[in-house]
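Generate the whole structure from the sequences, applying the supplied hints.
Sequences listed follow chains A and B, in order.
Under this note's numbering, the first residue of the first sequence is numbered 1, with each subsequent residue one higher.
Under this note's numbering, the first residue of the second sequence is numbered 1, with each subsequent residue one higher.
No lab work stands behind these hints: they were computed from the structure.
Incorrect hints may appear among the rest.
Said to hold, decoys possible - Non-contacting residues of chain A with respect to chain B, defined by C-beta distances greater than 10 Å in every case (computed):
no.: 1; residue: 17
no.: 2; residue: 150
no.: 3; residue: 187
no.: 4; residue: 193
no.: 5; residue: 238
no.: 6; residue: 375
As the list claims (entries may be wrong) - Straight-line alpha carbon distances no greater than 27 Å define the calculated DSSO-like cross-link-like pairs of lysine-lysine that follow:
no.: 7; chain 1: A; residue 1: 338; chain 2: A; residue 2: 410
no.: 8; chain 1: B; residue 1: 130; chain 2: A; residue 2: 115
no.: 9; chain 1: B; residue 1: 139; chain 2: A; residue 2: 161
no.: 10; chain 1: A; residue 1: 181; chain 2: A; residue 2: 193
no.: 11; chain 1: A; residue 1: 115; chain 2: B; residue 2: 340
no.: 12; chain 1: A; residue 1: 181; chain 2: B; residue 2: 130
no.: 13; chain 1: A; residue 1: 32; chain 2: A; residue 2: 181
no.: 14; chain 1: A; residue 1: 169; chain 2: B; residue 2: 139
no.: 15; chain 1: B; residue 1: 116; chain 2: A; residue 2: 331
no.: 16; chain 1: A; residue 1: 39; chain 2: A; residue 2: 193
no.: 17; chain 1: A; residue 1: 180; chain 2: B; residue 2: 130
A virtual CB, placed ideally from N, CA and C, is assigned to each residue, including glycine.
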Amino acid sequence: MKKNKALSKSHRYMESVPKMKKIMRNYYLKAKYARYFGKKVAWITSGGPVEPLIAMGIIPVYPENHGAMIGVSHTGAKFCEVAEGMGYSGDLCSYARADIGCSVAGGGPVGGLPKPDMLICCNNICGTVLKWYEIQARRFQVPLFIFDTPFVHTKFTKEAKSYVDQQVKDYIRFLETVMKKRFPYDKMNVVGKRSVEAMGLWQQILDTAAARPAPFTAFDAFFHLALIVTLRGTGTVLRYYRFLLDELNRRVENGIGMVENEQYRFLWDNLPIWHRMRWLSKTFAARNAALVADTYTSAWCGTVDYIDENDFLGSMGEAYTRIYLNIGVDKMAEKVLKMIDKYHVDGFVMHSNRSCKPYSFGQYDIQKIVQRERGLPVLILESDMVDPRKFSEGQVETRIDAFMEMVGQK
Amino acid sequence: MNASEIIGKFRFAVENPFETARQLKEDQQCPVVCHTCSYFPEEIVLAAGAHPMRLFGQSTSIIRADAHIQAYSCSLVRSVFEDALSGELDFADVMVFPHSCDTMQRLSDIWRLNMKNTVHLDLLFPVHLKSEAAQDYLKAVLIRFQRELEETLNITITEHAVSEAISLMNRIRHALHSLYEIRSRTPLRISGSDLSYVVQGTMILDRNEAADLLEQLAFSLEEIRPSAESPGPKRILLSGGVCLHPDIHSIIEEQGGAVVWDDLCTGSRYFDTPVSEGPAPIDAIADRFISRAVCPAKHSGITRRSEELSELVSKYNIDGVIFLFLKFCDPHGFDYPDLKTTFEEAGVPSLLLEVETGKPVDGPTRTRVETFLQILNQGNNLP
Ligand code: SF4
Ligand code: SF4
Chain A
1 MKKNKALSKS HRYMESVPKM KKIMRNYYLK AKYARYFGKK VAWITSGGPV
51 EPLIAMGIIP VYPENHGAMI GVSHTGAKFC EVAEGMGYSG DLCSYARADI
101 GCSVAGGGPV GGLPKPDMLI CCNNICGTVL KWYEIQARRF QVPLFIFDTP
151 FVHTKFTKEA KSYVDQQVKD YIRFLETVMK KRFPYDKMNV VGKRSVEAMG
201 LWQQILDTAA ARPAPFTAFD AFFHLALIVT LRGTGTVLRY YRFLLDELNR
251 RVENGIGMVE NEQYRFLWDN LPIWHRMRWL SKTFAARNAA LVADTYTSAW
301 CGTVDYIDEN DFLGSMGEAY TRIYLNIGVD KMAEKVLKMI DKYHVDGFVM
351 HSNRSCKPYS FGQYDIQKIV QRERGLPVLI LESDMVDPRK FSEGQVETRI
401 DAFMEMVGQK
Chain B
1 MNASEIIGKF RFAVENPFET ARQLKEDQQC PVVCHTCSYF PEEIVLAAGA
51 HPMRLFGQST SIIRADAHIQ AYSCSLVRSV FEDALSGELD FADVMVFPHS
101 CDTMQRLSDI WRLNMKNTVH LDLLFPVHLK SEAAQDYLKA VLIRFQRELE
151 ETLNITITEH AVSEAISLMN RIRHALHSLY EIRSRTPLRI SGSDLSYVVQ
201 GTMILDRNEA ADLLEQLAFS LEEIRPSAES PGPKRILLSG GVCLHPDIHS
251 IIEEQGGAVV WDDLCTGSRY FDTPVSEGPA PIDAIADRFI SRAVCPAKHS
301 GITRRSEELS ELVSKYNIDG VIFLFLKFCD PHGFDYPDLK TTFEEAGVPS
351 LLLEVETGKP VDGPTRTRVE TFLQILNQGN NLP
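What follows is the structure, given as structure tokens:
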């Protein structure tokens, strides 16, 4: 396979990037000095219902996002080792290990997370967060709210529906107790509408990559994702995503792709390998391949159809329960097939992520379904999203080359 | 039957679970309902005239399952699935997956996609057991399970039948508890490995038969007069998920120790609390799930597990704790460091072992157990 060595930089430049960096910097600063502004901080899981926090004026902080930053800044091994020294097995999720390690050792990419006043854990992504938040609740001695979302293997039962709806009410009561003030339902309406709009915008942003060449890739989506995760429900997200969408649309109109000679288009599955983002993106780009879409970033808009924007609280229980990681493997495969068609991809790259069992177990069966239904080549890379000790560049590159050969023959 | 004959029956069931199940099915002409977790309403299955059976995984080499689940899943899941794929579970009519951990939850999906000959049910228990909402939901899940089982087996499950099954299971719980108490008082009366065969075998054998055998066993063990146990073995608490390693007990016993209680789902967590007998039997089953010893895959407050374990340590005069986990088991792995610290602060030493089902205890693990016991024994001689 011929490799395209000359990657020009200009086509990769996006005005949105520095803007986004600035927003995130401000967000972390504000979170860090929350106390000076008389604000409270809640740690919340990435799939957790953040909107009521925003409505309450509580600053949400995401240990998983922090874990990703630790991965990107190549300090994953260091902090994981701290946790392992405490007795946490090296086979546990590296977000949890990195966060626990960092909260003990201090430091890290943003100088450590601000201490939480409360913890909000939603197990719609995994059972790991439950254990992780229990540990941090003992450590910080702060109230913990658990939003328990029954798994949807095949159906979302009516019992499950009333269970999650009841928990929405419990959640509000929890916040009222911790904050010693009434919940602002009027504000919640505004936040709910903004959140729905943000999810819609995020979907439109991801959809621009259906164009050929794709104006941005999954690697960029991983970066821009931080806002829909952390600040969904705020005006900042809306303003930023409108700006980003405009920029992407312009790129589409002008035929500017992120990968200069985009020849092959792939779909990515599972979390990014945060510590090898640049390397992977270069490695694929050098082979004229663009990862145009992924199953991960779309999780933050995948359930927008279940939400009634005029009754956010009444519908969010269901929406939060039916997210991508909380549904059966066959349902996941259906979504994958839809994405394959929508983004016109030539191959499927699956990250078998040792950290994330709920995301990774079942991949082999999804692989078989994709091969059967679409006849696409599938590449499985075993690695870990934050812990670089589980990654071998040489091995991965060889596998990518073999995969490219298969794709080329199609 | 004397004690060793009875133990032999349980041991046979543990070592030949599928043969036992096939035989039972043939003799009794009843459907077999297999499952994978100690949070399982055996009473409802019994009331349906079916036989509940917990799977532990027999396959020692994983070949077929490797095509479906990565090697970084726990060996229990891989081995149970290997059994299924190689046709060993042909006797199972219904397969039930109670929600426990992420790995088991995904196994349920993979199983459903690949095993087409059994009826597949998911028991979507809450993970949070403490809130009122969760308790209502738990009851609703049990009622749904009852209905689904009725539809599957084309029968009606009466309240009376559930109550009878509760009495039967309470007999079993009571008898197992007595056996544990006997062992805890005078460990020489029954070896740790024998007792572990007995608990595990109970989850496989016909429950009526098991209840009778357990009661007889308790009776005949009381009769045994062991030679004086002085100064008495070091008293060990074994804590973890499933323990399918009888050899651990012999290693401990060779070094002058004895597991005098455990916190295992193949041990005391199976029988620790009776279901209250009276009206509303389904509610009573739910109440037991809430009040029994909590498993790390469930939430019942942030300190409940350490409180429960500390209670066991003081109640049974524990000298040392051995944590026995399956490699890649997340729920136990996350709980371990804080539990270890709790015991350290209380002056109770602990040891962590990671094992895999189907593999005998390896040399290094054996050495670590031996060293641990030696250190405990030296503690004796300190002034
Ligand atoms: S990476 Fe997976 S296991 Fe870890 S917190 Fe996220 S969803 Fe949970
Ligand atoms: S041993 Fe642990 S990881 Fe395996 S099924 Fe049990 S709880 Fe899950």
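Going down the list of hints, with the structure as the test:
no.: 1; hint: 17; verdict: holds, 34 Å
no.: 2; hint: 150; verdict: violated, 4 Å
no.: 3; hint: 187; verdict: holds, 25 Å
no.: 4; hint: 193; verdict: holds, 27 Å
no.: 5; hint: 238; verdict: holds, 33 Å
no.: 6; hint: 375; verdict: holds, 19 Å
no.: 7; hint: 338/A with 410/A; verdict: holds, 20 Å
no.: 8; hint: 130/B with 115/A; verdict: holds, 26 Å
no.: 9; hint: 139/B with 161/A; verdict: holds, 14 Å
no.: 10; hint: 181/A with 193/A; verdict: holds, 23 Å
no.: 11; hint: 115/A with 340/B; verdict: holds, 25 Å
no.: 12; hint: 181/A with 130/B; verdict: holds, 25 Å
no.: 13; hint: 32/A with 181/A; verdict: holds, 23 Å
no.: 14; hint: 169/A with 139/B; verdict: holds, 20 Å
no.: 15; hint: 116/B with 331/A; verdict: holds, 17 Å
no.: 16; hint: 39/A with 193/A; verdict: holds, 23 Å
no.: 17; hint: 180/A with 130/B; verdict: holds, 23 Å
Of the numbered hints stated above, the single one contradicted by the structure is hint 2.
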